[in-house]
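> Each chain, letter by letter, is given below.
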Amino acid sequence: MNRLTKLFSEKKENILSIYYTAGYPEIGATLKIAQALEKAGADFLEIGFPYSDPVADGPVIQHSSQVAIDNGMTLKMLFNQLKDLRQQVSIPVLLMGYVNPMLQYGVQNFCRDAAEAGVDGIIVPDMPLYECEELYKDEFIKHGLSNIFLVTPQTSEERIRKIDSLSNGFIYLLSSSATTGKGLNQSEEISKYYERVRAMDLNNPLIIGFGISDKVSFERANKFANGAIVGTAFVKTIGNKEDYLSHIPEFISKIKGSN
Amino acid sequence: MKTNYRINEKGYYGDFGGAYIPEMLYPNVEELRSKYLEIINQPDFKAEFESLLKDYVGRPSPLFLAQRLSDKYGAKIYLKREDLNHTGAHKINNTIGQILLAEKLGKKRIIAETGAGQHGVATATVCALKGLECVVYMGEVDIERQAPNVARMKMMGAKVVPATSGSKTLKDATNEALRDWINNPVDTHYIIGSVVGPHPYPEMVSLFQSVISEETKKQLVEHTGKDQPNYVLACVGGGSNAMGMFYHFLDDENVKLIAAEAAGLGVNSGHSAATSVLGKEGVLHGSRTILMQTDDGQVVEPYSISAGLDYPGIGPQHAHLNKVKRVEYVSITDDEAMQASLLLAKMEGIIPAIESAHALAQLEKMTFQKDDVVVVCLSGRGDKDLATFMKYFNL
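As given, the protein sequences belong to chains A and B, one line each in that order. Okay, so the first sequence: first residue is 1 according to the numbering used here, each after it adds one. Okay, so the second sequence: first residue is 1 according to the numbering used here, each after it adds one.
Hints are computed from structural coordinates only; laboratory data are not their basis. Keep in mind the model is a prediction, meaning the values are calculated, not measured. Please note that the accuracy of each hint is not assured.
Straight-line Cα separation of at most 16 Å, EDC-like style, residue types lysine to aspartate or glutamate; simulated pairs [to be verified]: (1) B:K10 to A:E133; (2) B:K10 to A:E195; (3) B:K10 to A:E131.
Only chain B is shown next, with the shape it has when bound in the complex (with noise of 0.2 Å):
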């Protein structure tokens, strides 16, 4: 039998997914759980969410022919451009698909999680297009590490809230939005910025983050005359936009796709987020799936040099993905990551986001045949990352 790689009835894929929330949430997921597709296949919804993608975002984004990497590497290596949408970065998809539905759904008040900022950005940027408040959490340490990201949220007026409990970083975050929407239950919205938290969001994240494979085909054909690659390579830390990525692809048995994790300083070093290797099965966030923690079920704190691929487990359909192998989990360190953003910069005139690195520096690890074709989600660009650069490549 076919292995079903999608979620079933119950909100689960595989063994993982669920709601495993307290009580005091129950009445907000539900509400969601039990209007979201409705609301997402309105006509009018539909036509506002291209509309927006198209003449605010700048969709389609480009699938661009690299051709000096290509070159390098032996095979056609095509890259997804998320870095050019409006913010920088994939996450808009996410925030626009759901602040639409916030507003359909009557809801006044907007909070958010977000650790490099990336995703706190888009979510301040769909609140003051759309007038709605907006409140985001976000780790004080993050708040020290990311000053331009924070005043950014700002100027669009949302309003920063330290999360000063834990580590002082995203997973604390996304504790504080679970807090405030306990105690803000009727007219708030939380935006997840990731394919995690309780069913149904990692399923509506992916949705709406599903733009990034529908294209990604139609531009294959194109360029290539089949909407098959060889190859799809996508960075994950909760894994939003290698779903989007992958979305489309996962019935295409001959399309391989792996998924790059951060290893920090590496796998085994005790400073790393690679959940696939590091992981265990168990709760968080309000799902069932795979994260880092002790024999006694703590969280354990990941590390990884970027923000973005800083999260202690991976979304509850990356855990099934990586369970039924449909998907390769590979380990890239700080170094490689770093390295594979020079590389890039120098090839191809392109800054890559670090988290995006990660995945361009898998192609170092791998063998092709002449004619692979081999696309790579560039799911952000750099320039949240300069400081970084300028202290690790002494610029």
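Chain A extracted, bound-state conformation (with noise of 0.2 Å):
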């Protein structure tokens, strides 16, 4: 059992993570970051690793992507800077990122260095089901990773069990719809989809993200889910600020409104 399995065994429902992209807003915020998370009440942690061409992103994480890339971020440098990650922060820790950064590193490589750096997990939103499945799942099992899939409101039952029979973490649900008409308005629909996924009683913790911006849509998620992630909120909160850690307690005490 990784921190993260750990974290769902014993903490059910309100779970907020934090996604933020490494080397963002400079090349030596990643460890502060984490830490000001910590101390503030985030439960797991995202890292994103930048890459130039992030298609399943909006344009502030790309943004972000792209300052980090331009601060010299590289996955090198980030294994050197998660050297220290176990003495100072002790809730979970996920590396997201995209295939190609991951594919010239080595997938072997990349495993072996973020299971000796006291990482529990990883998100790759473009590595495929069937390729993960036949090259690369043994190498994170034989490292302790989770590794974590998307589920959207056109992924079909079918998949969602063969996502579920394959992940071991949670699964990360997509509050993103695109579906449209049947007489339903956005908000129903959406709610439709996640009490769909919550009826399959899945194996896998339901963690919802995309679109969780502050309080009242971080509360809403918890009603179908174990908890929520939020990434652009918060990558916009700390973009361009000096004393960008200054900001991180109030920003987070806001969404779980404990103020």
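Build the complex from these two chains, which are given one at a time in their own frames, with help from the hints.
Next up, the structure:
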């Protein structure tokens, strides 16, 4: 059991995860932000390793990735920074990014270095299920890394079952809905989709991501899932600020509604 | 054992291909994958595709024996005249196929990416023909460089959306189009313009473009009595005209296939798009292929004087054909391509697209036997490049 699976065995609701891009807003920010987030009350972290062409992300995270690349962030640099991770941070940490930088680093090397740094899991949105299962799954298991897959409103039940069977951490439920019509408004449709997935009684906990930005959206997500992930809103908050660390406690307490 | 050059049941050409896409795109791509072969083999689809290629595009495009060029090089040089197609390039073969497919899938909205604007124009054209909404993503930098094509698209009713992220060129336009598709998965079809992207796009686009080599074989029999030339040449950016030109020759092992990439200011100048030399294996725009990238796996911005070859990767089938050495990939600089453009204009009265001139430039570097039969794919016409020619040659 890694830190992530331990967290889910102990905490079943209102789990808050924060995404941020390594090397943004400055190259040395990675561990400082992690410490500040843990102190402020985040339950687990997703640290993004930047990619030049992040198609699953919007303009805010693409911008942070480009700044991070310009700042000199690479996977090599990130793993170097993460050597001190477990002296400073005790909550679960996942790495999130695109498959190409990982392939260049070597999937084996990536898993080895992630495990050595005390990373608990990975999210690679553009790694296909088939390739993951055939080529890489054993490597993740060998290094005790949870592998997280995404599910969208359009994902079929059969595919959700398959994803559930390949997951060992949580299922990342995307809130974006692109279906139209049928007389339902968008939020009703999203609720029906959350209900549908929850009713499947999956093995893995559900964490909702994309579009979670404040207390209202966090609470709403928690009605249906075990927790939620905030990315863009956090990256915006720490962007372009000299004293970015000092904004973190307020940001977290506002979302959790504890102030 | 004979090497297999074609796609396998998993969507791979050897080590390359696949569908490396975020889950948000899975339903769209899966819908295409599971239906495209059945649809394009239906008799009514085939009939409409062939009729539009004939009466709207103007096919078959001629195979022209370039006599003065032949005398100069000491071989029989034939030009496959894709430049004579409606809209001025081979791109329309693919957009006709995909618009018919989109109709069969019940899609109401079409999106596309474009670099120089040729594929954008070809997409706007078929959308106007079919009365479908059309949105074309184009890098902000390219919109400035290619004003006439932007105007063409607008005249035909397309909305041209500037891609303002990253380097603001073709690869960023592709990212924006993919994002649009993520946000509009149900009613929208994405017409990719080259043999790139997640499976089944590379295969589908090369099938639609394969009409080029299908016609060439028949025309060669009329001209020479044989359907196999000694050499077939085409230029490669993403590689769609080359795949179309090579398609029916792949298994004719005695036909030598040559693909010309853009070396820009020189392969090692830092301003180049010669992917087969500079690229490493990785994933770009949804498929495993070779691409120009840093050691950290960040995509490198390519350069070529020709906007259509200015792409940091090549299609997965090209990556495979390069690896198994079925096709020889060569590098042509800006200057070599520009001189080849001028030569064709002066000797044959044909102004080629600068893209196509990369293939023509390779002729200078080859030695031929007197009876050699050579086919060069003249993928597009040079009208769109006039501003570049005027500046380069001080016209």
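> Run every hint past the structure and note whether it holds.
Hint check:
| no. | hint | result |
| --- | --- | --- |
| 1 | B:K10 to A:E133 | holds, 14 Å |
| 2 | B:K10 to A:E195 | violated, 34 Å |
| 3 | B:K10 to A:E131 | holds, 10 Å |
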